Amino acid sequence: MRNLLLYFLIILVSFKGFSQQAMNATEIANFKANVLEVSKNTHTMKCDFEQYKHLSFLNNDVKTLGNLLFKTPDLILWQYTDPINYSTLFKDGFIHINDNGKKSSFEIGTNKAFQTLNNIIINSLKGGTFEPQDFDSSYYQEAAHFIVYLVPKSETLSSFIQKIELTFDKSTYDVTEIKLIEQSDDYTKIVLKNKKRNATIPNAAFR
Amino acid sequence: MRPFRMQLFASLLLLFSLNSCSVKSLKDAQQFHSETTTCSNLYFSEVNEDYVYKATIAAYENSFSGMLIIKKIAHRKHRIVFTTHFGTPIFDIEISATTPYKTHFIIAPLDRKLIKSLLVRDFSTLINEQQPIESSFTTATQRIHRSKSEQGYTSYFYNSNTQLLEKITSGSKRKEKIRISFQSQTDTKATQIQIVHKNKPISIELTKL
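Going down the list, the protein sequences come from chains P and L.
So that you can map any letter, position 41 of the first sequence is 37 in my numbering, and since no number is skipped, the others follow by simple counting.
To get my numbering, take the position in the second sequence, counting from 1, and add 413.
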């Protein structure tokens, strides 16, 4: 019986070791410094992504695949390839949409929520940090990852986003996952794969 | 013309006009007595199925695209969610045949009684599984069952050969207001759906993912 209790405690401690632990002030400062360094040295990025839309009442998450391109300061091409053919280009203050050949554009600046979402995406992809006036941040770590939670302060953004969860690879300080969690706890999770930083990407690719 | 002949002519004219004012799609149909008492729409009837569509909505001079997700969550109750392709929610509505609809979420610009009513009416027509038959008709290619609804009449058009539901129309006895067209291989899955408003420049195109 005593051995059983001991084994149980060992297992419990082991599990606790894998759970998230809040970072202290020094760890947060180190983390931010490293992420900023990565961000400063990132001029382009391309990667594949898997997007999962989770709704509590569905049997399965809705999965879409695609790839994205990023070039400083703020060019992003987000292309869905499966099961839809749809792309969104953030360029020169506009969002240009290509919906299976049908094109349309609108100005980001007129929509504050889009502007903020655009900045979140750029910062997440670059690995940059977020302004304290826009978000309340909390920092955690696990064995192989850092996790940052961002809770929006603006009423507009918080009406449809409860918090954003960013997962960073501990060895590279790369963002590997972006999770937009709604007030209902439903979420959209974007898993970034095959990331390549600073490959040559011509401006012509962003159209 | 003598007064009696004038009266007869006017009556005939009126009778002819009334008959001519029936909904165009039933114009050449022959009425028959159906032995079944209800007509079915099974395209959103399976509880184990997640119905996910790419949706393109054209409203007045605007057009936008996203994902429409429909789920039967209980008997005669469905959840209908529209999101951007990024996954951000636009609206999330629960429609039941027995209780008032419930809005789980809707973006501020759409949070208007008129818009919500339109959405609920359109999607109720789309997902409603069974309606009592008020009258039935046939044409060369279709069997049609008409049901009385709150908005007037809803007609269900089935292909005579395949028995598949091809179209639903809703409106008054004389005027069609909404037309929903289906393309499908089976009676439980529609691969393409078009919802068209006849009196407003609003249409929704759905492609099954």
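Keep in mind the hints are simulated off the structure, nothing from the lab.
Small disclaimer: the values here were computed from a predicted structure and weren't measured.
Hints are supplied without guarantee of correctness; some may be wrong.
In silico DMTMM-like cross-links for lysine to aspartate or glutamate, where the CA-CA straight-line distance does not exceed 20 Å [to be verified]:
(1) K621/L / D78/P
(2) K185/P / D463/L
(3) K621/L / D57/P
(4) K586/L / E563/L
(5) K99/P / E618/L
(6) K98/P / E474/L
(7) K175/P / D88/P
(8) K621/L / D170/P
(9) K59/P / D132/P
(10) K99/P / E474/L
(11) K28/P / E173/P
(12) K175/P / E138/P
(13) K490/L / E542/L
(14) K28/P / D181/P
(15) K42/P / E138/P
(16) K611/L / E563/L
(17) K166/P / E33/P
(18) K621/L / E448/L
(19) K613/L / D463/L
(20) K590/L / E579/L
(21) K59/P / E138/P
(22) K515/L / E161/P
(23) K59/P / E462/L
(24) K485/L / E173/P
(25) K59/P / E542/L
(26) K98/P / D441/L
(27) K621/L / E563/L
(28) K192/P / E151/P
(29) K36/P / D165/P
(30) K189/P / E151/P
(31) K191/P / E151/P
(32) K580/L / D524/L
(33) K561/L / E448/L
(34) K586/L / E618/L
Now the in silico label distances, taken between C-beta atoms and shown as ranges [as the list claims (entries may be wrong)]:
(35) R489/L / H39/P: 42 to 48 Å
(36) A139/P / I486/L: 37 to 43 Å
(37) I486/L / E103/P: 36 to 42 Å
(38) P128/P / T512/L: 56 to 62 Å
(39) K611/L / S150/P: 53 to 59 Å
Using N, Cα and C, we set each Cβ at its ideal position, and we do this for glycine too.
Results for each hint:
| no. | hint | verdict |
| --- | --- | --- |
| 1 | K621/L / D78/P | holds, 13 Å |
| 2 | K185/P / D463/L | holds, 18 Å |
| 3 | K621/L / D57/P | holds, 15 Å |
| 4 | K586/L / E563/L | holds, 12 Å |
| 5 | K99/P / E618/L | holds, 17 Å |
| 6 | K98/P / E474/L | holds, 15 Å |
| 7 | K175/P / D88/P | violated, 26 Å |
| 8 | K621/L / D170/P | violated, 35 Å |
| 9 | K59/P / D132/P | violated, 29 Å |
| 10 | K99/P / E474/L | holds, 14 Å |
| 11 | K28/P / E173/P | holds, 17 Å |
| 12 | K175/P / E138/P | holds, 17 Å |
| 13 | K490/L / E542/L | holds, 10 Å |
| 14 | K28/P / D181/P | violated, 27 Å |
| 15 | K42/P / E138/P | violated, 26 Å |
| 16 | K611/L / E563/L | holds, 18 Å |
| 17 | K166/P / E33/P | holds, 14 Å |
| 18 | K621/L / E448/L | violated, 33 Å |
| 19 | K613/L / D463/L | violated, 30 Å |
| 20 | K590/L / E579/L | holds, 17 Å |
| 21 | K59/P / E138/P | violated, 26 Å |
| 22 | K515/L / E161/P | violated, 29 Å |
| 23 | K59/P / E462/L | holds, 15 Å |
| 24 | K485/L / E173/P | violated, 31 Å |
| 25 | K59/P / E542/L | violated, 28 Å |
| 26 | K98/P / D441/L | violated, 38 Å |
| 27 | K621/L / E563/L | violated, 29 Å |
| 28 | K192/P / E151/P | violated, 35 Å |
| 29 | K36/P / D165/P | holds, 17 Å |
| 30 | K189/P / E151/P | violated, 32 Å |
| 31 | K191/P / E151/P | violated, 33 Å |
| 32 | K580/L / D524/L | violated, 29 Å |
| 33 | K561/L / E448/L | holds, 17 Å |
| 34 | K586/L / E618/L | violated, 26 Å |
| 35 | R489/L / H39/P: 42 to 48 Å | violated, 56 Å |
| 36 | A139/P / I486/L: 37 to 43 Å | holds, 38 Å |
| 37 | I486/L / E103/P: 36 to 42 Å | holds, 38 Å |
| 38 | P128/P / T512/L: 56 to 62 Å | violated, 45 Å |
| 39 | K611/L / S150/P: 53 to 59 Å | violated, 41 Å |
In summary, the numbered hints that this structure violates are 7, 8, 9, 14, 15, 18, 19, 21, 22, 24, 25, 26, 27, 28, 30, 31, 32, 34, 35, 38, 39.
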